[in-house]
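A.B. asks: Line by line, the protein sequences are chains C and U.
For the first sequence, the positions run 1 to 73 when this note's numbering is used.
For the second sequence, the positions run 1 to 240 when this note's numbering is used.
No lab work stands behind these hints, which were simulated from the structure alone.
Careful: at least some of the hints might be erroneous.
In silico negatives: residues of chain U with every beta carbon more than 12 Å from chain C [unchecked claim]: (1) L19; (2) A23; (3) P49; (4) S108; (5) D121; (6) D170; (7) Q176; (8) E177; (9) S180; (10) V185; (11) V190.
With the C-beta cut set under 8 Å, the calculated list includes, among others, these residues of chain U facing chain C [what the hints assert, rightly or not]: (12) S151; (13) N186; (14) T191; (15) R207; (16) K209; (17) I213.
Just so you know, even glycine gets a beta-carbon here, dropped at the ideal spot from N, CA and C.
Each chain, letter by letter, is given below.
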Amino acid sequence: MIRYFFSIIGGRPFNDIDGLELPDIEAARAEAIGLARDLMRMEPERQDWSSWSIHVTDEKHQEIFDLDFSEAV
Amino acid sequence: MVHAENNGTPNGRNWLLALLPPADLALLSPYLKDVTVKQGALLQEAGEPIDFVYFPHSGMISVLAVMQSGNGIETATIGREGAVNALAGFGVPNAAGRAVQQIEGTSSRIAASHFRTAVNDSAGIRDLIARYTDLKMTQILQSAGCNALHSVQARLCRWLLQTRDRADSDTLALTQEFLSEMLGVNRTTVTVLARALQDEGLINYRRGKVALIDRPRLEKRVCECYAAVRRKTDVFFSTN
Numbered sequence: 001m002i003r004y005f006f007s008i009i010g011g012r013p014f015n016d017i018d019g020l021e022l023p024d025i026e027a028a029r030a031e032a033i034g035l036a037r038d039l040m041r042m043e044p045e046r047q048d049w050s051s052w053s054i055h056v057t058d059e060k061h062q063e064i065f066d067l068d069f070s071e072a073v
Numbered sequence: 001m002v003h004a005e006n007n008g009t010p011n012g013r014n015w016l017l018a019l020l021p022p023a024d025l026a027l028l029s030p031y032l033k034d035v036t037v038k039q040g041a042l043l044q045e046a047g048e049p050i051d052f053v054y055f056p057h058s059g060m061i062s063v064l065a066v067m068q069s070g071n072g073i074e075t076a077t078i079g080r081e082g083a084v085n086a087l088a089g090f091g092v093p094n095a096a097g098r099a100v101q102q103i104e105g106t107s108s109r110i111a112a113s114h115f116r117t118a119v120n121d122s123a124g125i126r127d128l129i130a131r132y133t134d135l136k137m138t139q140i141l142q143s144a145g146c147n148a149l150h151s152v153q154a155r156l157c158r159w160l161l162q163t164r165d166r167a168d169s170d171t172l173a174l175t176q177e178f179l180s181e182m183l184g185v186n187r188t189t190v191t192v193l194a195r196a197l198q199d200e201g202l203i204n205y206r207r208g209k210v211a212l213i214d215r216p217r218l219e220k221r222v223c224e225c226y227a228a229v230r231r232k233t234d235v236f237f238s239t240n
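Looking at chain C on its own, in the form it has when it is part of the complex (with noise of 0.2 Å):
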């Protein structure tokens, strides 16, 4: 398992610190899909996601992708 961290750049700037345990690259990109469709499906009158993207790093602060909320819808 690899910890991976989730922060989100744009509008309302999120910095995991947390981050989360997930066995590869598929399940990181799933939870960022996932995150970035809670995070539109939470705020329905906001238009504009274009400038929203979640960041992936791991446990080395490595960058691992970055997804764009226009990716997730």
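Chain C is fixed; fit chain U onto it per the hints.
C.D. replies: Chain U only, in chain C's frame:
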């Protein structure tokens, strides 16, 4: 614990059992066995035969509706004010929902067959279980409306407060996985929501350990469902 103070029921005992007169309790007592159940243990799978009825003395159990995907969502929580699988007393053979121990605790459990015999033999037990089922139905209806209509943030506050009412501490060992399942959101979303409450000074949150630090303000942030269910429960135990 305010419920207990209201009706004089001692802490550490199941409130339904405490309401039974000695003659009715005597029908159950020979078959009741205390069990301590760890967090995360599955007490009952949805759709499966009911083997036991549980009367919690401490801890908390959640009942989930389970979808074909295997995902579940909260429909009710049961603590020392209630019972799990009580409808087995009326001969219901299989459980409608999945019951999972969410906070470790002790319950008295009785085999479903023995419970059914006691319900058949006692109008008092029968009446209590019927009225308790109505109370639980209220909670399930409230949850259905809440899950559909209220913000995830307000629902998280409801969860924290109703869990606090069952726990004996302001520090709640709720796993992130559990909250994620209850609220129907991703695990990281739980972290984001909890951190927002922490930034406002309402809770402390770190990897699933939640400490309530400002209950009055949490009560202002919660949806109406917390007070509605609590009021019904208080009325039930103050008038029975």
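A.B. asks: Beyond 12 Å from every Cβ of chain C: is that where the Cβ of E177(U) lies?
C.D. replies: With a cut-off of 12 Å, E177(U) comes too close to chain C, as the shortest Cβ separation is near 10 Å.
A.B. asks: Hey, does V185(U) actually stay past 12 Å from chain C on C-beta?
C.D. replies: With a cut-off of 12 Å, V185(U) comes too close to chain C, as the shortest Cβ separation is near 5 Å.
A.B. asks: Quick one, is the S151(U) hint okay against chain C at 8 Å, beta carbons?
C.D. replies: 7 Å, holds
A.B. asks: May I ask you to test the interface hint for R207(U) with respect to chain C, counting a Cβ-Cβ separation under 8 Å as satisfied?
C.D. replies: 5 Å, holds
A.B. asks: Against chain C, is T191(U) within 8 Å by beta-carbon distance?
C.D. replies: 5 Å, holds
A.B. asks: Say whether it holds or is violated: D170(U) keeps its Cβ farther than 12 Å from all Cβ of chain C.
C.D. replies: 20 Å, holds
A.B. asks: Under 8 Å, Cβ to Cβ, is where I213(U) needs to be relative to chain C, so tell me if that hint holds or is violated.
C.D. replies: 18 Å, violated
A.B. asks: Quick check on the hint: K209(U) CB to chain C CB, less than 8 Å?
C.D. replies: Check failed: Cβ of K209(U) comes no nearer than 11 Å to chain C, outside 8 Å.
A.B. asks: Are all beta-carbon distances from A23(U) to chain C longer than 12 Å?
C.D. replies: Given a closest Cβ separation of 53 Å, the condition holds.
A.B. asks: If I take the minimum Cβ distance from P49(U) to any residue of chain C, is it greater than 12 Å?
C.D. replies: 34 Å, holds
A.B. asks: Would you assess whether S180(U), listed as outside the interface, keeps its beta-carbon beyond 12 Å of every beta-carbon in chain C?
C.D. replies: Per Cβ check, S180(U) is inside 12 Å of chain C; nearest 10 Å; violated.
A.B. asks: Is it the case that Q176(U) keeps its Cβ farther than 12 Å from each residue Cβ in chain C?
C.D. replies: 8 Å, violated
Comparing the model with each earlier hint shows violations of hints 7, 8, 9, 10, 11, 16, 17; every other hint is respected.
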